[in-house]
Each structure stands twice: as structure tokens, then as C-alpha cells.
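Asks: Reconstruct the complex from the two isolated chains, following the hints.
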Amino acid sequence: MATRKFRKQEETFFIYLMRLACLSIVVVMGLILYSILKKGIPALNWKILTTVPEGGFYFGGEGGILNAILGSLYLAFGATLIALVLSIPSALFLNVHLRKYTRLTNIIRLIIDVLWGIPSVVYGAFAFSVMIWVGMRTSLLAGMITVALFITPIMLRSMDESLKSVSNLLYEAALSLGSTRSEISVRIFLKQCIPGMITAILLSFGRAIGDAAAVLFTAGFTDNVPTSLTQPAATLPLSIFFQLSSPLPEVRERAYAAALALTVIILIISVSGRLISYKFTRNDTK
Amino acid sequence: MTLNNTIVNEKIQIRDLNLHIGQQHILKDINCRIPEKKITVILGSSGCGKTTLLKSLNRLTDLYPQVKINGSVELNGQNIYNGIKDINDLRRKMGLLSQRPAPLPMNIFNNVAYGLRISGRTSKKFLRYRVEHYLKQANLWEEVKDRLSAPASSLSIGQQQRLCLARGLAVDPEIILADEPTSALDPISSQTIENRFLELKNYYTIILVTHALRQAKRIADYIIFMYLGEIIEQGEASEFFLHPKHDLTKAYLRGSFN
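The listed protein sequences correspond, in order, to chains W and H.
Residue numbers for the first sequence follow the working numbering, beginning at 1 and rising by one.
Residue numbers for the second sequence follow the working numbering, beginning at 1 and rising by one.
Here chain H stands alone, though its shape is the one from the complex (with noise of 0.2 Å):
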């Protein structure tokens, strides 16, 4: 673990990236590495391109209306916006997990199982076990195990929160992508992922989208500090939060932003 925690593998790096929706300049000249096995967290207030610097990672950002990106993102040294075969394969490496829940129009059971199933997993003695894993590791499984076929929105909306966490697991992806997903959530639920997020990255990329500067400093082992579209300053967490070097980031850092 020590040695390990030494050696850092990018998952993903991302060169000269820039965003424009319309006339709007979005993300400008983003340069970045995201270890593996690592959270990464996103940190900035609103309205500086962290979500939109999360979608154009598993390329959401193709259903933003007049988006046009130039600059390249690599996932294992290959690039997503150029010669990539099949994008729901991309996708499907990536779980996300969003501000709010949105839980699929079926039942507990169904909403984990169907990730396994539109991949061609139909064995229902597999689909039953592996919903029981997944649940299990997103912290799930005892607050459900009785009702599994009750509909997915009948869950609290933490529940929900960590039944999205479930469901994303289960296609098995390398990375999480989480667009402050505890945004919506109670002090419990919310401390409920950040432990699972602590727990599942040691075997998963985590990159967290956050606006909570102290859910950065509980979680975080390196950071992106974004402002207005621009990365101000990037590195371990420990360090940035020690030795801030930036002004602005300085001033996040005291609260006194504007």
C-alpha cells in the first residue's frame, strides 16, 4: 500500500482542452493529470466549468446544443475525441453520479441489474448475485434487501443516491465520475458515500466534482482548483491546502471569495 501510494499512473490526461457553447467560452486551455486510483476533486465555486470539465470526460458534453471542443482528453493513452470506436464502451467505464439522483423507472432490483443486462448478462442466478454485491458495497443492501422489487423512487433520497452509486458499479467501469453528489444529501447519507468513495478507491479513478471545501479536505488526494473556466492551480491535496501558491486560491481557501 505505502509503495504503491508512491507510484502515481495517470488515467487520464487531458491536453489544451477548450469548450465553447455558441459564442461562450466554457473551459479554457485545460491541462491535467488524474491518477488512477485516486479521488481527484474538482474544486470551484459555481459557474466555473467544473461539471462541463466532468462531462467532456465521457463525452456528455456531445449533447450540449452548439458545443464545439478542441484539445484532446487521453483514457489510458487513447484519445476519447478522436478515432474512438464505440462510445457507449467510453461510457460505460465511467460511472456517474450526479447532483441529484436519477433512479431508472423500474424497481430496486432492476435499476442494478439493468446495466448487466443491456451487456448481455441475462442468468437471473447471476443478476441476483451480483445485485447483491453491488448493493452491498454501495452500503445499500440491509435498508433494501426485503424490498427489492418496491420501485426505485420510493427510496429516501439518499437511498436513491447510493442506489445510483450501486448501478454505476455494476457495469464495471475503472472511474467514477461524481457531480457533487452529496449536494442534495443529509449530513448521514452524505458522510455514507464520502466512506464509501474512501473505501472504492482502491479500485476505482474517483474524480469528484465540489463546491464544499471541507468535503475536499476530508476526501481529496489531489486537486483541480478551477475559476472561470481556467484551472488556477492544480496538485496533492495535502500540499494545496497547506501551501496554497495562488492568490485566488489563497482566498478560497479563507472563505473570502467573491
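Same shape as in the complex, but just chain W (with noise of 0.2 Å):
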């Protein structure tokens, strides 16, 4: 039969489809990390990782990135932070309390939705006019507000959707327990869906850390640790970005280390934060 032969030619199609996106993303992947190891790695060394710039460190003077390690830390641990203290409370309002409003939250879920495209040089910008207007220097605070104010909308939304999958029958369930909503976010729906919440949380902080354009402005760059929150910070991005646009290339080979330390961030947060998901889920849920 004809149709019998195209329905296997066209299985096979989509299963060669497949296997070449899933390829195309592992080979790009791999590329990227090959290039990061293949020039970080030399200019790699402990003292990089541990002193701070001295005099003339982007024309290829001695020093190191600690005050961009830091400053990256401080600054995406602090964005990470205030952006679930809104986050968390918004996202089970959304889905334990407005639950039957469905054209209500549709309305607000859009405008998150919004608020996620926006990119970041946009909030940085408006940050930077707010900072002016009320007279604040380039901070980390401000940085980290900046940073929590467009990673919650990230945050939240992914945190939504977790809590969205919350079967109506559970729901049900516990209120006819005689719960109250807020017993019924804390004890059921959060408990529920911690992986969701943790994937949440390591979405946005890797989009914390990793930004450039928002802190520009906002938490500006130094060449010490900062030790308050009123002192401006660095950051790895834009320490990466000033070492690579220097003419010298041996400047330019630090800037791979700062990529590699940045990534090697990311990638130790990211497992820890499976790790716990995994050792919360084992015990009282499937």
C-alpha cells in the first residue's frame, strides 16, 4: 500500500528531524564549552581567582577577577533573594486565591508575560533614571534591585506554571479538609511543586548572574570587593566584556578564565539546586 510506505518514510523523517535538532543543540553546547576551555584554562591560576585588579590589570598589568567573582555573587544571591520574597507570594495569590478568576489572571499573566520579553538594558535604563531622580549613586543595591526587578518576572511565571499543574481534585480535596488558603499554599501547593520552584529559582539567578546590560548603570564597576551595600560592585560579564575589547591578547585570554569561572558558578549552582530538589522529592512525593 502507497500510504502504508509514506507513513514509514515520513516516521522517519521526523525521528532524523529530531535526532539533528537534539545534535545541533549538544554540538553548539559543546563548541561553546570547548572554547572556554581551550583559552580559559591556561590563563586560568590561583591568583586570578583570588586577588582583585591591580593598577593597569586591563592593559595587562597584575591581578586577578575576585572583585567580579564576588560582586557577581553578591549581586545575583541579593537580586535572587528579593525577587522570591515577591515572587512566591504573587505566584500562589495567582493559583490558590484567584484560582477561579480565570479571565483575571489571564489578564496578569499576560502582563508578566510582557514584562519577561522587555530586555534587561531596558530596566536598566529605568532604573538609572530613578537613580538620578532620587539622587542614588551607582550601588549594589541598586544593582540588585535592578537585577530582582526583571528576574522576577522570569521567576514568577515559571514558578506559575508549576503551581498551575496543581490537579483541581487535590485542590478540592484539601479545602474540604476544612483548610485554610494560605494552609493550602504552604502545606500543598508548595510542597508540590518544590522542583518546579527550585527550577525557578536556578532560571533566574543564572539570568541574574549572567547579565551585563541592567548592572551597567546601576551597580557599576570596581575594582574592589564591595563591603556595603551602598559601594558600587563588579561584575563578571562586564569584566569579561572589558578584557575582551582590549587590544592586548594576552588581557583577552583573561577574559576566557572570568567566562570559565562564571560558567563553573553557574554549574555548581545548578547541581546543588537539583541535589536538593531530588532530596526533597524522594521522601514525601513520587
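Because the hints were derived from the structure by calculation, they are not lab data.
Mixed in with the good hints there might be a few duds.
Straight line, CA to CA, 25 Å or less: simulated DMTMM-like cross-link-like pairs of lysine to aspartate or glutamate [what the hints assert, rightly or not]:
#1 H:85 with W:183
#2 W:164 with H:62
#3 H:136 with H:36
#4 H:125 with W:183
#5 H:93 with W:172
#6 W:100 with H:89
#7 H:37 with H:10
#8 H:245 with H:16
#9 H:201 with H:186
#10 H:217 with H:194
#11 W:47 with W:250
#12 H:68 with W:172
#13 W:39 with W:11
#14 W:100 with H:86
#15 H:28 with W:172
#16 H:136 with H:86
#17 H:85 with H:74
#18 H:37 with H:199
#19 H:93 with H:132
#20 H:28 with H:236
#21 H:250 with H:29
#22 W:100 with H:62
#23 H:93 with W:183
#24 H:85 with W:172
#25 W:100 with W:161
#26 H:93 with H:199
#27 W:279 with H:146
#28 H:124 with W:62
#29 H:201 with W:172
#30 W:39 with W:62
#31 W:191 with H:29
Counterexamples of contact, computed for chain H against chain W with all Cβ distances above 10 Å [claimed, not checked]:
#32 69
#33 77
#34 214
#35 238
Covered stretches of chain W, going by a simulated chain H footprint (3 or more residues, C-beta under 8 Å) [unchecked claim]:
#36 187-198
#37 253-260
The model shown is predicted, which means the values in this text are computed figures rather than measured ones.
Backbone N, C-alpha and C define an ideal beta-carbon position, used for all residues, glycine too.
Replies: This is how it looks when you write it as C-alpha cells:
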């Protein structure tokens, strides 16, 4: 039969298409990692990770990128924390309290999606104009708030998608036991969605630590490690950018060491997040 | 026992209940009484509004978007749609058993202890004692006593349904609302649930929604037969099955229902 032959060819075609798509993702990932490792490892040493830039660092002088590593970590952790405090209650409110108001929640979701789509440089420009207005200087705190602003939609919508998957059946069962909505939120919805919550946090943390545009005007850049929230802070993406734009090859090589450090940080955070999520889900849910 | 059977106390009285969702008229002029400590079966084909009627009793219908309810549902003489102080108290009086079991995302012990904990009973000794008691009541204790800390989702679906029964009993309800609780279960698990109901009716008012005629025959004391959002016929089960009055009832009992 002709149709049977055609269906078989169609199936084969789509299988190869899927394989090709997956393969190209893996290849691109591999190439990125390869280039970072190849150029980064020779430039990487203990000193570069543990010292701050000395005079003329960006022209091949002595020093390291400790300022940017710590600055990025402070900034990303601070911003993730702020976003978390905003996202968890909002996501729960949308899914537990406003569950039956589907039209309202759809509008809210649309707005958050639009916010997600706005590039981070726009958030940076917005925050910068607010900073000028209130007379605030570039600082770690300003950077944290700006980054928190643009990762909150990401975190909120990811949490929202996860909470949305909780079945009505479970919701009704919990209500029938006489639970209040806050009990349902914390003891059932959050509990059920721990893996989704952790994924949302990791996703936002990755965006926070990897962003250069929003922090350029708000957190500034410095050769020192910030010791308070009001001091400016350096970040790895900006450090990579400044070094890569240098005409000197040895400075450009150090940019790859910084890129490697950034990649390793994200890797460590992701893996530990997964482990936490696994530990939580193994015991109590499926 | 024999004397008690002849005296029927009303647990719930429904008067002129109408329920709309948007433009749809789901429940039409529902008037009925539900006797205390009996099994009342709400019988009817799919989509006739029996689940909605059940959920309107503990106001889970509040969760439906664009719902409008007129009329009254009186529980122990008090209208639950008017002047009720705490809706959680109302819901706690009615344990719900749904079509498919929905265990809470916790271990077996905590599923049963959940209701006790949220009502402020947290003493470990008390919880252990009560959890065992309710699991025994739901006929599940022997199967799970050695793995109380296993996740509830690791149980079979029949066991999960009995766990949900134990969980519902643990909040000490007056009424058990059961929405086709055996439709997803194998015959043996279904029978266990039915046998439990026959015992539990000595302590609780049970309202069971089903489309299974044979199940209704096996356990019903009182029948409410519904069709397209209306109550067609209601009465004592024996009378209902032996002398159906309405033509639709006769057709349903014959099995020639379209």
C-alpha cells in the first residue's frame, strides 16, 4: 500500500529531524564549552581567582578577578532573594486565591509575560533614571534591585506554570479537610511543586548572574570587593566584556578565564539545586 | 436498631435550589431531604448534575467561575448559603471522597494526620493513636502499618482511595460526601469501600453519587434520581426499586435509557 510506505517514510524523516535538532544543540553547547576551556584554562590560575585587579590590570598588569566573582555572587544572590520574596506570594495568590477568576489571572499572566520580554537594558535605563531622580549613586543595592526587577517576571511565571499544574481534585480535597487557603498554599501547593520552584529559582539566578546590561549603569564597576550595599560592585559579565575589548592578547585570554569562572559558578548552583530538589521529592512525593 | 430505623432525622434539607453557571442552568428547583445516618444515593446518568449537587452541599461550587446559586441548603437546620461564619468549619463537617483519589503530597501517616494538625492537635502520641484508629476504620491499617513513612503516591489506587477515606474521617465529619468513589477502582477495592460504607453509616450520614445501578441497589437506603439537572424521583430505596413511579425511572431501571 502506498500510504503505508509514505507513513513509514514520514516517521523516519521526523525521527532524523529530531535527532538532527538535538545533535545541533549538543554540538553548539560543546563548541562553546570547548572554546571557553581551551582559552580559559591556560589563563586560569589561583592568583587570578583570589586577587583583585592591580593598577593597569586591563592593560596586562598584575591582579585577578576576585572583585567580579564576589560582586556577581553578591548581586545575583541578593537579586534572587528579592525576586523570591516577591514571586512566591504572587504565584501562590494567583493559583490559590484567584484560582476561579480565570479571566483576571489570564490578564495578569499576559502582563507578566510582557515584562519578561522587555530586554534587561531597558530595566537598566529605567532604574538609572529613577536613581538620578532620587539622587542615588551606582551601588550594589541599586544593582540588586534592578536585576531583581527583571528576573521577577521570569521567576514568577516559572513558579506559576508549576503551581498551575496542581490538580483541582487535590485543591478540592484540601478544602474539604477544612484547610484555609494559606494552609493549602504552604502545605500543599508549595510542597507539591518544590522541583518546579527550584527550577524557577535556578533559571532566574542564571539570568541574574549572567546579565551585563542592567548592571552597567546601576551597580557600576570597581576594582574593589564591595563591603557594603552602598558601594559599587563589579560583575563577571562586565569584566569579561572589558577584557575582551582590550587590544592586548594576554588580557583577552584572561577574559576566557573569567568566562570559565562564570560557567563553573552556574554549574555548581544548578547541580546543587537539583540535588536539593531531589532530596525533597524523594521522601514525600513521587 | 430496629426502632431507630423507623425514626428518620433530617440531616440536610434542600429547598428550591437553582444553580447557574454562566447561561447554563445546571440544577433546577432541587427539593429534597437527606436522612441522618443513612446512605443516600444520588443516581443518574453522566452530566445530570449529580456531582454539582454534591459539591453544592459543602460549597465547593464556590470555586466554579461565574456560578450563581439561589435557594437554600440547610444543614442541621441552618442555611449554609446565608449567614455562615466559617466556611472551613462547614467543609470540615463533610468528608469528601472524589472519583479519583487525590493523596496529599506527603507520606501515608501525614496524610491522615494533616486534618488533625490543622485543627491544632499536634501531640505526637495523640496523632499516632488517631492515625492508627482511622486507618483501621478505612480498612487500610494492616496493609500500611509497616510503611507509614512511605509517600502516599506509592500506594495502589484502591489503597489511595481508602487512605483518602481515612484522611476524611480524621477531621471528624458528620457527613461523608462520595463522588463515584469506586469508579476508578477494581471490583475488590470497590467492595471494600462499599462494605466500609455499610458500617460507617451507623456513625455518619453518607451521600453517594453514582451512575452504577447495581451499586445503588447494594447499599442505598434512600435514592435521589436525577435527570438533566432535575430530581425525577426520590424515596426509600426498596420502594424506588420495586415500585418506580416515573417513566424515566422505569426506563433507567430497565437499562433502556438514552
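Asks: Each hint needs a verdict: does it hold in this structure or not?
Replies: Here is what the structure says about each hint:
no., hint, verdict
1, H:85 with W:183, "holds (19 Å)"
2, W:164 with H:62, "holds (19 Å)"
3, H:136 with H:36, "holds (24 Å)"
4, H:125 with W:183, "holds (23 Å)"
5, H:93 with W:172, "holds (14 Å)"
6, W:100 with H:89, "holds (21 Å)"
7, H:37 with H:10, "holds (9 Å)"
8, H:245 with H:16, "holds (22 Å)"
9, H:201 with H:186, "holds (23 Å)"
10, H:217 with H:194, "holds (11 Å)"
11, W:47 with W:250, "holds (15 Å)"
12, H:68 with W:172, "holds (19 Å)"
13, W:39 with W:11, "violated (42 Å)"
14, W:100 with H:86, "holds (20 Å)"
15, H:28 with W:172, "holds (24 Å)"
16, H:136 with H:86, "violated (30 Å)"
17, H:85 with H:74, "holds (14 Å)"
18, H:37 with H:199, "holds (10 Å)"
19, H:93 with H:132, "holds (21 Å)"
20, H:28 with H:236, "holds (22 Å)"
21, H:250 with H:29, "holds (22 Å)"
22, W:100 with H:62, "holds (9 Å)"
23, H:93 with W:183, "holds (18 Å)"
24, H:85 with W:172, "holds (20 Å)"
25, W:100 with W:161, "holds (16 Å)"
26, H:93 with H:199, "holds (19 Å)"
27, W:279 with H:146, "holds (22 Å)"
28, H:124 with W:62, "violated (63 Å)"
29, H:201 with W:172, "holds (23 Å)"
30, W:39 with W:62, "holds (19 Å)"
31, W:191 with H:29, "violated (41 Å)"
32, 69, "holds (14 Å)"
33, 77, "holds (21 Å)"
34, 214, "holds (25 Å)"
35, 238, "holds (31 Å)"
36, 187-198, "holds (count 4)"
37, 253-260, "violated (count 0)"
Hints 13, 16, 28, 31, 37 from the list above are not met by this structure, while the remaining hints are.
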